[in-house]
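Chemist: Chains A and B are the protein sequences, given in the same order. Counting from 1, position 60 in the first sequence corresponds to residue 59 in numbering that gives the first Met the number 0; the numbering is continuous, with no gaps. Counting from 1, position 175 in the second sequence corresponds to residue 174 in numbering that gives the first Met the number 0; the numbering is continuous, with no gaps.
Hints are supplied without guarantee of correctness; some may be wrong.
Here are a few chain A residues that sit away from chain B, every Cβ distance over 10 Å (derived from the structure) [said to hold, decoys possible]:
#, residue
1, W78
2, P225
3, S226
4, T277
5, G279
6, H328
7, S356
8, L368
9, E373
10, V473
11, A533
12, V609
13, C678
14, C679
Below, computed lysine-lysine pairings styled on DSS-like, alpha-carbon distance capped at 30 Å [as the list claims (entries may be wrong)]:
#, chain 1, residue 1, chain 2, residue 2
15, A, K108, A, K563
16, B, K108, A, K683
17, A, K382, B, K26
18, A, K563, A, K683
19, A, K563, B, K563
20, B, K634, B, K269
21, A, K258, A, K269
22, B, K382, A, K26
23, B, K563, A, K560
Pair by pair, the computed Cβ-Cβ distance ranges are [stated by the list, open to error]:
#, chain 1, residue 1, chain 2, residue 2, range
24, A, E354, B, L147, 50 to 60 Å
25, A, E354, B, A280, 43 to 53 Å
26, B, S47, A, I698, 49 to 59 Å
27, A, I698, B, A98, 46 to 56 Å
28, B, L147, A, P501, 35 to 45 Å
29, A, P599, B, Q145, 34 to 44 Å
Derived by calculation from the structure, the hints in this document are not laboratory data. Glycine residues also receive a C-beta, built at the ideal position from the N, C-alpha and C atoms.
Protein chains: 2
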Amino acid sequence: MVLGKRSDYGDAKYAGVQVPFSDDIPKTVESYGLCGFDFVVAPLVRDSWRPPAPAVPENGSLPSPLNRSDCLYINSSQWANQVVGAVSEWIQPDAADPAERQRSTAALKAQLGWAAHLGLQAVVLPPPHAPGRCPNYAGVLNQALQGLTHMALWLTVPLIIPTSGATGGVPDGADTAAAAAPAAVSPVAGVGGLDGWEAWHQVRAQCDHHNLLGAALLVGPALPSPSSLRRWAGEPVKALLLPTAVFTANKRGYPVLPKGHQELLAAFFKLGVQVVITGGACHAVPAPAAAAAAGPGSKQVTPAPAAAAAVGPGGEPLGFTVTDPGESHPLRPYWEYLCFLFRRLEVVGEQERQEASYRDYLQVPLQPLQDNLESQTYETFEKDTQKYTLYEEAVFRALKDRQAAEAAAAGPRDPLDPAYATDAPKPSTSGRPVVLMVVGAGRGPLVRASMRAAARAGAALRVYAVEKNPNAVVHIQHMLRTEGWTEHVTLVSADMRHWQAPEPADILVSELLGSFGDNELSPECLDGAQRFLAPGGISIPQSYTSFLAPVTTHKLHHDVKAYKDLEHFETPYVVRLHRHYLLAPTQPLFTFVHPNTDAPIDNARYDSLVFKRDPADGAAVLHGFAGYFECVLYKNVLLSIHPPTHSENMFSWFPIFFPMREPVYVPAGGEVGVQVWRCCASHKVWYEWALSAPVAGPIHNVNGRSYWVGL
Amino acid sequence: MVLGKRSDYGDAKYAGVQVPFSDDIPKTVESYGLCGFDFVVAPLVRDSWRPPAPAVPENGSLPSPLNRSDCLYINSSQWANQVVGAVSEWIQPDAADPAERQRSTAALKAQLGWAAHLGLQAVVLPPPHAPGRCPNYAGVLNQALQGLTHMALWLTVPLIIPTSGATGGVPDGADTAAAAAPAAVSPVAGVGGLDGWEAWHQVRAQCDHHNLLGAALLVGPALPSPSSLRRWAGEPVKALLLPTAVFTANKRGYPVLPKGHQELLAAFFKLGVQVVITGGACHAVPAPAAAAAAGPGSKQVTPAPAAAAAVGPGGEPLGFTVTDPGESHPLRPYWEYLCFLFRRLEVVGEQERQEASYRDYLQVPLQPLQDNLESQTYETFEKDTQKYTLYEEAVFRALKDRQAAEAAAAGPRDPLDPAYATDAPKPSTSGRPVVLMVVGAGRGPLVRASMRAAARAGAALRVYAVEKNPNAVVHIQHMLRTEGWTEHVTLVSADMRHWQAPEPADILVSELLGSFGDNELSPECLDGAQRFLAPGGISIPQSYTSFLAPVTTHKLHHDVKAYKDLEHFETPYVVRLHRHYLLAPTQPLFTFVHPNTDAPIDNARYDSLVFKRDPADGAAVLHGFAGYFECVLYKNVLLSIHPPTHSENMFSWFPIFFPMREPVYVPAGGEVGVQVWRCCASHKVWYEWALSAPVAGPIHNVNGRSYWVGL
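Chain A with its partners taken away, still in its complex shape (with noise of 0.2 Å):
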């Protein structure tokens, strides 16, 4: 049963428990089922179960107690679907007796083999000792990997690993390697207890950051700092485990959680992360008024009022108001809460919705320079009227700007001047018609815009519409027909680099700015453009800057690793980032002004950055660079994809993805220096880019050799 029918956060999410072996899975599936919860995850074992000895001949030897029969009682896409496996928790690969070490490892693979055998989606593995202290683990884990095409791994990952105490079922043997931890493994800020981050990055760099193995997030008592949490948003996390002993009761005896962890669950709900809880029930609930009165916790919490408007159609019904025999489980209560802390999340914009199938899917940059784009590609860009909004806003004021000028020089007027006597079709306030050139015209938006803030100015225009597309300009010779500017705008096919303008241009308007601000040739185009730009006259955008962050981003990552070559190596992808984790704030790399009045012009560009890590944060694992861009369309009307600064309701770009051929790990405190450039040819523009701290990296994309923006 899903916790909730939202379709605002994608996928319904669901809820899993943890669960002692049993004989009888499909009975133990329907009774946690009826209960609310959508999967078990079972012991693939008896808890007493070993492996044979090594000496036993293999000739004829019967398959030892593995041996059990409730794989027959239920068919494949059952096991897929409804039972992840668990791993015995005495399994230690890394113990100092040999035998143990042996058998452990024996145990392991034969687990391993059984649960992909039965074809399962996942099996959860117990936790790894001390950072560093489980190589013989981590190589089982990765010879198995290997062999699995589609069963996935969850590493059981403690938030923070006690140094204490042994964490989960590590017995004494572990407790002395933990303490011995490396000097470099440093306790997470204001937890007494080791970064439980580290242990997996261990893990999972040993096993070659690969994609089957995820992390299990073991969620105790204490949770660590909440910036330090952050960094789990770009890992694999594929589930929270949740023990009912972290359950706290409210007033009327019934489990919530506190505020810190609420808040913990919400953001991985967010990011499409399963929860399941762990222990037997712990909490005296009054057993009548159960399935009545689950959820109200803490004092923060109020119920949502309209709970069963979020119930889609065909839906489940949901805790508040359910009947069923699985009511009476003591289990219930905790998956109520869960279904009350997944249906309080506020409700996703409209925006973020339609965007939610582009989140974490790699995209090549338009290279609309060389391309001609697709009429769909111009409908959906032309949806964004945000970002047409924020033209207008800028031609409007240059316009009035314009207007308070040339009234502030001319003076009292002699109207009898001939000067003044123009044959302009509609001569504004000041005389002559602005001439307006948008280059780079499109199907014609910013043309539209244009004519709407000379009509809110009072100000006559005369326009010059310059796209390069001939199809395109079908377009517009329809928009002027059906608008009636055919007599104000003048229509030119051709490549504004090239067109030999017949009159000065008081305002240019362009939108060529990509995801990354100058990356679509913007700089080199308005270079050509600006031949016949008047002097004094404005460019409208005026300038705009790229920034850069360092990022973790599994994912992207491995996507990018799965085209197997250099290439997708050194290309920068168009992205909606989701599952992600900046290492450190933003921080401006590249800014363009136009018109540009350097002599000689020189769009080349060079910069380093640092982007230092505040130790309370932990380590992190860097796995490329996020960009944006601030642009400034006009004065103060601004237009940005810069997180701090984004315009709002603007969905035109994604940010950008530099990726790094290999994941590098940052140390707590430690910094990250990155080395850009922009380089420019007779015919081509690309970005270079290499890692200088922590430690130094390959210059990728040398030479433009495998991504390019073509002149």
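Please arrange chain B on chain A, whose structure you already have, making use of the hints.
Modeler: Chain B only, in chain A's frame:
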């Protein structure tokens, strides 16, 4: 409106109609849509449109009368789903006059650019001139294809190119070219004209078999021979263009098709090819009865009795009973006749329906010897009851033969002879239980089949079930307990090649065959197991033979090519062949017999085959070879996936496909020669293959560098 809601032919089939130029495309789409057609094939520009002369300066010139306005009345998805563009028929990129050639080339580029801008799904291109006489046309198409991402080009291909007159819009100049076509292009047998396939092949070969280039077959009143028509089954045919003039009239004046045309349409419907009606209505249908009486056309045709039953829930009303406003449309009787033909197709069998999603989908063969299969894979195989019925029958006959032989050899028995006082659990009529070993027992289906056969034969069996996958053995254990067979069946968790059997076997049963018979190393496994076969013992299977045939399959070749590496061209694939054509009947290749009494045993093989094409079938293209096997389980109990002898309702194996690196042209009456090696080394077995005719080609997969099966 779909022609009929039938799930058994996969996607519902769609019908289109060619329409004249219209300035109001939405209205055109609507009017033909009411008539029943799902899409229109519409000219991209007015017939009078010509591109601007190249002398006109680019600077500011307006984009010529390509100028149309309907693009703004209809959104992108409507353009994409309901309109196929038609390129002007006057275009002749290979005209003798250089100016005309230049104008044609410019017009073709402009129209393709416009269509791509609109986001159309496909564009119909004018027919090519005689084969080999349109190099510039192919050149322009090839350049255009490089820039396309999803829009398909449908080249109009007349099935027969008339030698006495022009095809379609090709003017006089081209006739001369057609008449002077190279001698290699043979006329199609029985019809006075050139083979349209040759013209198609020339163009698509020059376009390097680009996947966005397909054929729209123009069906004339006369058809080539059925055997030459079959070549198109393996080609990327996207549509049939069916002129109304090809229809004849039945007694009541309704348009119907001759029998040969009916069969042609039926064959292409089954391949998922859509039909486009071209030309105006040219049959005088009695107006009032039009909707009620369509369909029952020529004498061979009787309307499907349960017409209404073929409509799925929520389905559109079908032609016979509709009363919508479109039924008075002059083309309505033609559309209804298409419906009639489509709905008359024979019902697809359950097995083929289940296999529909695997059609023409490349799968890398299993390596069950090297990898352990998953439970689900066993589960799927075990559903093939027909296969196990054949095995049961084979074991039954072998047991019966043993009983007969023993009875004959023993003569009258002395009941006091101590040799007969065995302690077998259930003495059979012949006294001693038969020792039967299942090698590669999996989850036990052959154990079950053998026990059944023994019960039928009244024979006592002592069974050994040998299986190397320890996870599968768990299932057999359960089966033995459930069936009460623990006393009769000994479970052996071991590799048959290394196991030391405690006694010799009378019968050795195995199912180790792959799609090509020996390709999953059945010979090597059984050679290893025959150590413990008693002298005179029986192997089930007794022998198997692989078969090969040259094949046309554009789809599979493209899918292999899409990997962009050599390795995938040197890998055989398991495929449910669908859109394919065998260039000649299959021929046997390698045979293996068990037990193998050769000394020494050598499972390496080499053979070369020559396939001769009937000159009347025309030329064809070779993409690789299709492989099958026939297996003698015991005497006349045959198990086969070889088309002429395929075991009924058996679905465990799809054919195998050996690709060629490059498609090869096979002239009419030509030969296809192929050499195949089965190579064996200590740890692997692999195939190598090469073409010897019509041209010698490189040996594929030398030293098993790309594909091998591990021992």
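Chemist: Any hints from earlier that this structure breaks? Give me their numbers in increasing order, please.
Modeler: 1, 9, 10, 20, 24
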